[in-house]
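K.L.:
Top line first, the protein sequences correspond to chains S and A.
Residue numbering for the first sequence follows my numbering, starting at 1 and increasing by one per position.
Residue numbering for the second sequence follows my numbering, starting at 254 and increasing by one per position.
These are computed hints drawn from the structure, not numbers from a lab.
Source: prediction; values computed, not measured.
Take the hints with a grain of salt, since some may be wrong.
[Claimed, not checked] With a straight-line Cα cutoff of 27 Å, these simulated DSS-like cross-link-like pairs (lysine-lysine) come out:
| id | chain 1 | residue 1 | chain 2 | residue 2 |
| --- | --- | --- | --- | --- |
| 1 | S | Lys71 | S | Lys145 |
| 2 | S | Lys145 | A | Lys441 |
| 3 | S | Lys166 | S | Lys193 |
| 4 | S | Lys166 | S | Lys71 |
| 5 | A | Lys688 | S | Lys145 |
| 6 | S | Lys128 | A | Lys476 |
One-letter residues, chain by chain:
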Amino acid sequence: MRNGETPLVELKDMCISFGGVHAVDHVSIELYPGEVLGLLGHNGAGKSTLIKMLSGAYKPDSGEIRINGEKVEISNPRDSRRHNIETIYQTLALADNLNASSNLFLGREIVTPMGFLNDDAMEAETRKIMARLNPNFQRFAEPVKSLSGGQRQSVAIARAVYFNAKILIMDEPTAALGVHETQMVADLIQELKAQGLGIFLISHDTREMMELCDRVSVMKNGQLIGTERVEDVTEDDILSMIIMGRNPREEAA
Amino acid sequence: MAETTSTARGDSDRRAPGSGGVKGAFGALQLDTRLLGMIGAFLIICVVFNVATDGRFLTPRNIFNLTIQTVSVALMATGMVFVIVTRHIDLSVGALLATCSAVMAMVQTRILPETLGLGFGHPLIPWLAIAAGCIVGLAIGAFNGWLIGYQGIPAFIVTLGGLLVWRYVAWYLTNGQTIGPLDDTFRKFGGISGTLGVTGSWIVGVLAVVATIFTIFNGRRRKIAHDVTVKPFWAECVVAAIMAAGILGFIAILNAYDIPQRVLARNFRQAGTEMPEGYTASYGLPISVLVLIGVAAIMTMVARRTRLGRYIFATGGNPDAAELSGINTRMLTVKVFAIMGLLCAVSAVVASARLANHTNDIGTLDELRVIAAAVIGGTALSGGSGTIYGAILGALIMQSLQSGMAMVGVDAPLQNIVVGAVLVLAVWIDIQYRKRTGGD
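Looking at chain A on its own, in the form it has when it is part of the complex (with noise of 0.2 Å):
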């Protein structure tokens, strides 16, 4: 690939050859072609649902639904990139979001109002509360990475464990009830109750696209600045120009999605009006999809630009190397499951805000879903290579398929068996992919 492009010095556009013919140019977009596989497969899942569903499936509504479904397993999957690029593995993630709840339920519900006396309703409840379950998160998970790193404990028997104590912890710190309801402003971080409606949106929408376009010239600039050969600009405007579409494409599918007129009826009596006659609004971007852009977006950041990333990948793909090269491969393994329990509770806040309540089997089943999302977004098991947005995908296509075969009426066994199906066909492509391209 770089090495057929040209080094011609100068502010002039460096050109790959072979811009001549559809392939060529294709070749000059320097497009990852896993993706564009990942991206493919989720297209068709949607349009066969779609058909099969007389186009219930790609309505405003099923694409709200399907975004705000997907976000608890997506965030806790760009954490499992992590832990598997390091050759780990985390099982303990579905329980570890319970506890995280439990905590955060109880500190909003009992200890903040009742035993510290702040009240229902104070503005600082649900912040506090998320600090607690972060805090929590956290320490769990660094105290794994400690038996794991440090103890030489395989992280399969740390998490093994885990999966049953902190499911259980949880169960005992609520007594098994169901805790709620939740702090009011703690569950707009849920999905449908808080979004950021038509105009908000597209201000994140515009914002987005800009930081986009920043994002691929400013790369450039530096990559001339240095020398080091760039794709022709028009291939670079190409790119920019597929992406502001998919962002902004998707904010307007958000917006077309209206609330009902009941449930505006039912907020202006709330308010004390009534609703004008003819009024519509629209729901928009949830504030958890924001919330979990936001993680893709740092997620990515660390795993390409900083240390902490290049060690990750350099441990997952050579751990006597890494050790010798100085980097302290122990202390690494503690950061790796402390971010990965830090996104538990993150989790832990849009799952409970959603359901707006703490319930005693919340997250069950969670780990095998996030480590699938994770595989099925191309991170392998052999350590060394994932991405960040794969797994988002991963997660999307999960979720895309157990909501369109509900929709269509499959049976709830059937579901499963084909999620299971897949997940394993999914690992067999990639392993064909690998040995066709020469690996990565």
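So that you can see chain S by itself, here it is in the shape it has in the complex (with noise of 0.2 Å):
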């Protein structure tokens, strides 16, 4: 516990098999207002199938999710947004046939008075919150599949800033961009901490994730082996969790 805050998001004793593996194994994490938390571990260690019970995408077998302390329900992606989730996919969930604006708004469309698509209120939108974003965004009126990785994450990441998420989800953002593009969502994890939101990040890259967050979690076979702040472990410290499965701080004391 932060000085007694109630957590943004309590995930508490999470479950779930899959034919008889245990992929999430009595799992608990908690994450904070303003903060960045990351997730570490091998490809198949639980990571994401941990996040995407809180994204909706699968239904935990037992534990208990609590959103500013709240008990909630959520069983499809459509409750986890109800609740202010946003997640960002690493297979970049856009449609690709579709324009930037249309992705942006993509299950949450501005509609004329007589229930219409009205598009051009939605491009206007995308063209203020991508001045915002990403400046340099020009192509609005093509399908996103001839956007770079980084333009196309940008309006993944646009769509979660649009609705005001409190809470996102960032699984491996950087993992199809290059440099340039990789240090542009940086600043924007940065910016959107300082307004407040939680971001849980998946990633492998340990370096990436002691400069982007606040504390990290490590796991192996869906079980939690630590969260540490990163101001008091060493990448060594994390590369040992994540490859040993033990914790060198806790074996110490």
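Reassemble the complex: the two chains are provided individually, in unrelated frames, and hints are given to aid placement.
P.N.:
Listed below in structure tokens is the structure:
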């Protein structure tokens, strides 16, 4: 607990199995407002699975999700959106054949009083938010498949920002990006954090995580190895948690 | 394209750069090159057949016939666009048309007049029959969609089964008999027996031109209000003028097809009067074509301006993204197939009215013509892209080929060999086009 403050998100004792494999085994984590919590671990450690229970893609076998201290039921992506949780996926979850504004507003379109789509209003809103997030972004009319990885990722991030997400889940947001675009995403994370959002960040890149996160949680084989503040540990400590599945600080104590 | 246009503020013309030169002027029109290609292909087919038939292909009479022959397949093709865009397929449309046709024929010739005792010729009969057919089509379509969306059976299998089931349900309902003659009012939807005449056709034509011009300039006004760049004013006018000329030209051609003198004389005899000396009349716009235009307009609205349409295209582009965005993709599948079923019923009205009877083989092989029309019209089987007008143009191209070859006197087997080859060729050209232009 951080000064008795209520966590933005609490995942308590979460469990899910797929065909007898415990993909997530009694894991509990907390996320506070204005905090970036990194989730680290090998492929198949259960990071993405854990977070998909929060985003509504999977339904947990057992466990409890609390948002602002209140217990909530999340059984599909729509529920998750209702609690102001936005997810930015590793496999860029955009409809490639639609343009930026159609993707930004997908599922929450602006409509005219007659109930028809108001594409012009949506494009104007998209221009406003992109001017703030990625001023170089100009290709509003084209389908997003013709955009670069960074431009596409900025559309996905714009979606979260525009709809006033309180909790942001970023699953490998920089995996498909070049150096310059990665920096752009890093800057964006700092800005969102300053606005008081809570961010779950999933990545393989330990160094990147040390720079971007306030705390990191390490998972292995579906279990939580430990959660540490980044200033309390070295990159080597983290690596040994990932690889050996042991928390050096606990062993020292 | 769009990013090269300026974003200057103000009410004055926002003009695209490169307004100099023929190429720049052409680019400013922002025409759909794929549509232009299809229209070009259609015109080439028309000219070639016109030469080969010594000018018989491009007569008002043949153009009239071509239009009414295209309507049935074109109606279903607009629905097939949605089905294929969502990465499904519907092989049962011809069989579904037969079932709807059988239901409507039985309702208007047996159930309403005899069983319910309305008597033949009651004014409500055609409308109740059409309503019954539409309900059946909608329900069967929705059922197919439920099997596909909620039960997870592939659309190919559900509709392959449906191809047999609904063809033979139609047979079973009618005992394989030809049912007819159908109601007189009902038959007005078939084409030649129901047209608007010269004045009526011009009125429709002028209304269509007004609606087109309103749509173009209303869209422009809305874009300017939201600071979205628009094409130059003259380009907007050129596009509007081309479309107006096309609509009015089409009406003029249909109005030029005179009703043969013997048919007129017969009509007057039936009315109990003599035909005045030198009397002439024209067919004008068939009601079936009016139905197609209405359906095309509604389907285009649905595709471009409604949430349903947006979700159809989003799901076709990336089903996972659509699901994660909170779209209920299962219910969407039900809706798409229900629309397809309803359009099969509308198409059944036109097809059976044209034949004046319900026949046991009505709509046979229509599934292939409908899928071919949608695909020739640029609907990608990989999902996510396709247009309503493209599918209608695709249906028109197929029908022109078929009747052109019949007029030239090409042997029946060769006709089908050519149509099949054209389908494959059209898709190949489409793939090459997409490669060149980097998709879409």
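K.L.:
Between the alpha carbons of Lys71(S) and Lys145(S), is the straight-line distance 27 Å or under?
P.N.:
violated (39 Å)
K.L.:
Could you grab the alpha-carbon distance between Lys166(S) and Lys193(S) and see if it respects the 27 Å cut-off?
P.N.:
holds (10 Å)
K.L.:
Lys145(S) and Lys441(A): Cα distance at most 27 Å?
P.N.:
violated (47 Å)
K.L.:
Checking one constraint from the list: CA of Lys166(S) to CA of Lys71(S), max 27 Å. Satisfied?
P.N.:
Distance ~16 Å between Lys166(S) and Lys71(S) Cα, so the pair holds.
K.L.:
When you check the alpha-carbon spacing of Lys688(A) and Lys145(S), does it fall within 27 Å?
P.N.:
The hint holds at about 13 Å.
K.L.:
Does Lys476(A) lie within 27 Å of Lys128(S) when you go C-alpha to C-alpha?
P.N.:
holds (15 Å)
In summary, the structure is inconsistent with hints 1 and 2 from the numbered list given earlier, while agreeing with the others.
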